[in-house]
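A.B. asks: In case you want the letters, here they are:
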Amino acid sequence: MASLTDPPRQSFRLSMLFNDTRYRSLTFQAIAAILLALAIWYLGNNLIQNLRAAGLNISYDFFGEPAGYDINQRLIEYDSQSTHGRAAVVGILNTLLVAFLACITATVFGVIAGVLRLSNNWLVAKLMAVYVEIFRNIPVLIWIIIIFTIMTAVLPSPRAYRGDDATHSMLFDLFAFTNRGVYIPGPTFTNPIGGIGISWLLVLGVLVASFFGARAIAARATRIQEQTGERPTTWYLTLGVWFVPVAILLAVMGLTWNVPELRGFNFSGGIKIGGPLIALWFALSIYTGAFIAENVRAGIQAISKGQTEAAGALGLRPGRIMNLVVLPQALRVIIPPLISQYLNITKNSSLAIAVGYADITATLGGITLNQTGRAIECVLLLMLFYLTISLLISAGMNVYNNSVKLKER
Amino acid sequence: MPTDTSVAFVRTSEIPPSPPPASQTGLVKWLRENLFSSVGNSILTLVAIWAIYVVLSATVPWMVNGVWTTSSLAECREILQGNVGACFSVLTERWNQLLYGFKYPTDEYWRPNLAFLLLFLAAAPVLFFDLPRKLLLFTAAYPFIAYWLIWGGTIMTPIIALLGFVAGYFFFDRFGKQNFALGFIGGAVLALFVWIAGGALIPETANANALLPAVPSRDLGGFMLNMMLGVTCVSLSLPLGIVLALGRQSSMPLIKWICVIFIEFIRGVPLITLLFVASVMLAYFFPPESTVDLFLRVVIMITMFSAAYIAEVIRGGLAALPKGQYEAADSLGLDYPQAMQLIILPQALKISIPGIVNVAVGLFKDTTLVSVISMFDLVGMIRGPILASTEWNGVYWELLGFAALLFFVVCYGISQYSQWLERRLATDHR
Chain W
1 MASLTDPPRQ SFRLSMLFND TRYRSLTFQA IAAILLALAI WYLGNNLIQN
51 LRAAGLNISY DFFGEPAGYD INQRLIEYDS QSTHGRAAVV GILNTLLVAF
101 LACITATVFG VIAGVLRLSN NWLVAKLMAV YVEIFRNIPV LIWIIIIFTI
151 MTAVLPSPRA YRGDDATHSM LFDLFAFTNR GVYIPGPTFT NPIGGIGISW
201 LLVLGVLVAS FFGARAIAAR ATRIQEQTGE RPTTWYLTLG VWFVPVAILL
251 AVMGLTWNVP ELRGFNFSGG IKIGGPLIAL WFALSIYTGA FIAENVRAGI
301 QAISKGQTEA AGALGLRPGR IMNLVVLPQA LRVIIPPLIS QYLNITKNSS
351 LAIAVGYADI TATLGGITLN QTGRAIECVL LLMLFYLTIS LLISAGMNVY
401 NNSVKLKER
Chain L
1 MPTDTSVAFV RTSEIPPSPP PASQTGLVKW LRENLFSSVG NSILTLVAIW
51 AIYVVLSATV PWMVNGVWTT SSLAECREIL QGNVGACFSV LTERWNQLLY
101 GFKYPTDEYW RPNLAFLLLF LAAAPVLFFD LPRKLLLFTA AYPFIAYWLI
151 WGGTIMTPII ALLGFVAGYF FFDRFGKQNF ALGFIGGAVL ALFVWIAGGA
201 LIPETANANA LLPAVPSRDL GGFMLNMMLG VTCVSLSLPL GIVLALGRQS
251 SMPLIKWICV IFIEFIRGVP LITLLFVASV MLAYFFPPES TVDLFLRVVI
301 MITMFSAAYI AEVIRGGLAA LPKGQYEAAD SLGLDYPQAM QLIILPQALK
351 ISIPGIVNVA VGLFKDTTLV SVISMFDLVG MIRGPILAST EWNGVYWELL
401 GFAALLFFVV CYGISQYSQW LERRLATDHR
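For the record, the sequence lines run as chains W and L. Heads up: the first sequence runs through residues 1 to 409, numbered per my numbering. Heads up: the second sequence runs through residues 1 to 430, numbered per my numbering.
Excised from the complex, chain L in its bound form (with noise of 0.2 angstroms):
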């Protein structure tokens, strides 16, 4: 301790920091930051200020304001009189419609609400790996149950088609390890025979007395039909884009030359043209007697449409692949189908992950197009049955919203669980 007292002043311990300028803290520092940080970036926050203003003082006592419990239109317009207000009565009173369409037999609606269910207990361990991997074999087993529940008629159907696929896949595991080629076509003759010879077997009264009434496929509609047609297409497109995409690739050039021509054919046509050729130009390609229904005509159009979408983004990652991944295959002694399987396509198919999302999430959206012909899909009964309707004659907005919202909450989820795949498959360090 100085005790000198010659000296004027001696400061003998620190100054206590000052506390920052105001304009450099808190909540002050941020908003001079992020918001008002230069003249341009203070009008551009007064304009998106007053443009969510705008959007919310539009929208916000609509929604507070609304109804939910009339009958028609009339009622709610008498309830909210003259006041702003949305009409969610529709929604409420039409919500089966909305999700089945109009002609689904009521009583069986617990039907595709325990497909959807099950949908999501097969598609777990498809979507996370964590998942004991023995759930798969649900997985193989779900689209014969769904299609069981969803179209009800004799259990035989789904049984045999089921039979038929596991009898091919044991020949193939039996024979395809020595010859890949004979173990395919093998497979695939076998599980011919027994589809046709299982056909002959099922009794044409079986429909009649099965457990669950049968349910044609023209009375499927609503967002039902929309997951629906999403599920089966996704799910049957990956197969065949991959095989497209190889078979873009190959050496072979009639192979080749077929993938390139049925690629850039179907990928140069707008979605809407292929389902013209689903209504009114297949029927002309099937055996005269034959009646193929139009559910089935718009899945094999919306198949081959995103196959080829999904065919072009599975080149991407093919091409993406460095040569040397396939010469260090070629060295290994591998031949082309365990090349494929154990090298190239785990890596190329890491890297196309967000291209297929994409193509996934497109396609789910262009599920609504089979309303322009004239099939009864969410926005076919919104234009359809309800907005005709007398009661519900004039209620754009709550149905317009709400299938808005519907599809919205699907999309944007896909998406979000795509972003979270891409950083769980991230191997590379960074």
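So that you can see chain W by itself, here it is in the shape it has in the complex (with noise of 0.2 angstroms):
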């Protein structure tokens, strides 16, 4: 009877941390994490001798000092004295706003071309396929300057408008275009309750409520469908309710328009869009444009024509065909990329630097660098900001990708 013996235990040897796929690994993050120390010691090493001989230290005190130049475009109060770390604020807010404003226009642009570019319309399809490859082949940075030098050398100056023999006149006696900005009508309040500031929060807060109330209304009729059948017509209940309290609010406080008037040599009143903020919104728009109207010309290419189809046999609809079936799947599509473009919008804000509108790069990762010598801590900063930024949109993406993914087993 022959008998199983195990075999001989082997001792450990040397070579078979490389041999052996037990230890192998071990072995390999070992290596890795001894090259990581020494790199990092060693860059760590070079900056600390390189900053003592430069006399320089870490900090972050300049944020306290004042910064010593203008800003033109801002959406808070600044003036030259104000400190660097303000000045920041003014350039974190005006990135947001411009990457809030080209994400918008560069949605619709991209909407529209994806659409057209599916039309049975030979001529438009086509004039789409140009727009998309001329848009997509050239640099952001061509498009922002060309559109710069448009803002700055082709529209007239404020003077054109002046005098019996005005050259220019002003569109519908609202809009001005000059090459220092586009001058347009703003709100204001004549008697604002607690401040203008104070108001437009409120009105922001009737307008989240009515959000609500409308979606209350909508869930209330469904109740009822799902109750009785039918579903009772509720279209001019939420348009009250959206448009209704804000209208008295507005009332309340006063809403008058603020045109933009020529005094002198230049217009007063108004709201000022500066030239730089223009060139860089409508080029990212146009740009981002062409990327979006092929991932949404991706998106409705993906829904297969039977889908189409099978709700056409089912009954519905060519409305309910497209709300019901069509958009939710090819939206499933559309999104992610549409995320990523709008992230891709929010990092190329960063090139305003070419044109000076002062965002958080031209602010403090140019200007405040420049000023106060400290790049390390302007650059990490600056880094920071936009990291924060793309994780939080990332994250943001993440959760709607699990609650529309298709549920499988």
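Honestly, I wouldn't trust all of these hints.
What the hints assert, rightly or not - Dumping the calculated BS3-like pairs for lysine-lysine here, alpha-carbon to alpha-carbon at most 25 angstroms:
(1) W:K126 <-> L:K29
(2) W:K305 <-> W:K126
(3) L:K256 <-> L:K350
(4) L:K323 <-> W:K405
These are calculated hints, taken from the structure and not from any lab test.
Using the hints, put the two chains back together into the complex; each one sits in its own frame.
C.D. replies: Pasting the structure below:
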């Protein structure tokens, strides 16, 4: 009778660190850890030596010191006596402003171009293909410069609007396009409730409340539909909930429009949108719009024709086929790349520095850095800001992806 | 033949088919179906025609009346006498500056030109698989030849760099078959040894009496700089991206997290902040007495940037492979490097090609950003020396249009190539 014996226990040998799968991954990780520590030590040591040689230290005190430079385009109060910290906040708000505006318009351009590219109209489809190819294949920096040049070199100066023989006149007497910027009417309140800022917050609050009101109405309609089979007509209720409260609030606070006027050599009143902001906003919109158009086209084409036909066979009307069958599936394909395009817009808005729009890169990473010489602190904070925004957006995208993911087995 | 005449009328032959109505044939039909099929469509068509007319009526006379031979904008205006017309003479007069920057020695223009021509020869076997594989040897030697041509200086530098790589490769070829890690690390150490030993051999005065005069990096500029940054960074970031992607998939937690943090950090910040790092911050991290020139620092940062994006594309390709492929490789007894090299990567890279090309095109467009940190690439040249000069102050459209055209040609060409490659590599049956 044969007896099985255990193989002889191998004693540990050094070569097993490389050859035995049980130990190999530990060896590699140990090597990686040592290399990483060495690299960090080497770089850190160099940094300390260089800083000592230059007589510098790492300090963020400069945020409390007066900045000493002006910013034309700003959302909050700021003057040259404000601190570098406040300049950075102005920059952050400007970045968020241009990113927000560009995301909206890029989506509009992209959806229109993407849908039209699938149109039956041969000419329009070809035109949209040309638009997409031209804008995708030329650097966004060149587009920003081109549109900035249009803003500064082609548009007339405010002087051209002056006098009896003015060569230009305001559009509808409301808008003025000049090489110093575009002037549009701005809303103001004659009797605001507790300051202008709080008034706007109130308006926003009322709109949020309206949103929840509208949702409650829709939920009630669905409940009734499920009980009785008939959906009550709600569109006038929804419309009322959206518009009546906000209209009442605005009327109470005395909303008036402050129209820009020509005083002396320049326009005053209304809202001035500076040339750099417009250049950046528009260039980012058309450039990213071309990419979004491709995403939209891919999303729509990803839905097979059978889906539409099946929905038709179930007796759905075309509008409902679009709303209930095609769009929910297409959006699942479109939205993730769309959000990463939004991320790209936010990151590309850092090109503002090329046209002198005071975003965070131009204030913190540009003038503040040059004035204080605090390169390491400024660049690190700049990166931290963009990193935070990116991580927030991708976190939001993950939440969305998980909520619309196909639920299988 | 029926001869019965009692029937009033019998047709003995078929009527020839009448031609389709005019609205159902030829051009008219095509127009009706494609341009005027409904009211909405007709309106769209008219709007499109109007848009095309507006664009063409503005640009065609401008281009046709273009002036090519003057030496300043003022002379252009004199010739045009108020008519609409472009002043293309800025392109002819500043042609060299646009292509090579304003400091590259004029007598040496043939060097970047030759390097550019050789680039096609070197890229050809990589891009088109039908060409003889022997050509890849030239591709491997190309970086060293191009370096020597563009920067000049002593020929010893590229030769020793090449020797280091060759030594490392032979070591890896000899020992890497048995143990990948041993071969790889040993090869790297040997290459390092060759570089240090060879570097010590180059005499101090070698640059002074070199065959090709040395050109410092800060003298590079124009579209040449864009091309150099684009080609260098794409080719360096591809292997780095593969390593990062594999690292991110790794089962070793430490390696995995290093790769994840690197990729997510780089992808979360704009390229411009990384260029700031290159221009103002990176110098602090090098040894105190060393002076690493700006070009190299920018190449490091752009390579890291695009490597992170390429890594994500390849990770997508790796994730798209069915798990069976990994298991099949394991069951054949292949170890990790073999499985990756023979089974996984060829398939994963094939899936990733469109994404990689997108990253490459994006990277090439992003090389214009170096103008922000005051390097004089094509855009930097236009905005800096050319538009600031008294002769050409105000010639925006010709210059910007030229820059746009150059980038369009290259980027569109690359994307057309990628579409061809996708069709070529499609091995599934349809």
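A.B. asks: Compare the structure with each hint and give your call.
C.D. replies: Each hint, compared with the structure:
In summary, the hint linking K126 (chain W) to K29 (chain L) is supported, as the alpha carbons are separated by about 19 angstroms, within the 25 angstroms threshold. A threshold of 25 angstroms between alpha carbons decides the hint, and for K305 (chain W) with K126 (chain W) the separation of about 22 angstroms falls inside it, so the pair holds. Between K256 (chain L) and K350 (chain L) the alpha-carbon distance is near 24 angstroms, which keeps this suggested pair within the 25 angstroms criterion. A C-alpha spacing of about 21 angstroms is found between K323 (chain L) and K405 (chain W), which places the hinted pair at or below 25 angstroms, so the restraint holds.
The structure is consistent with each of the numbered hints, conforming to all of them.
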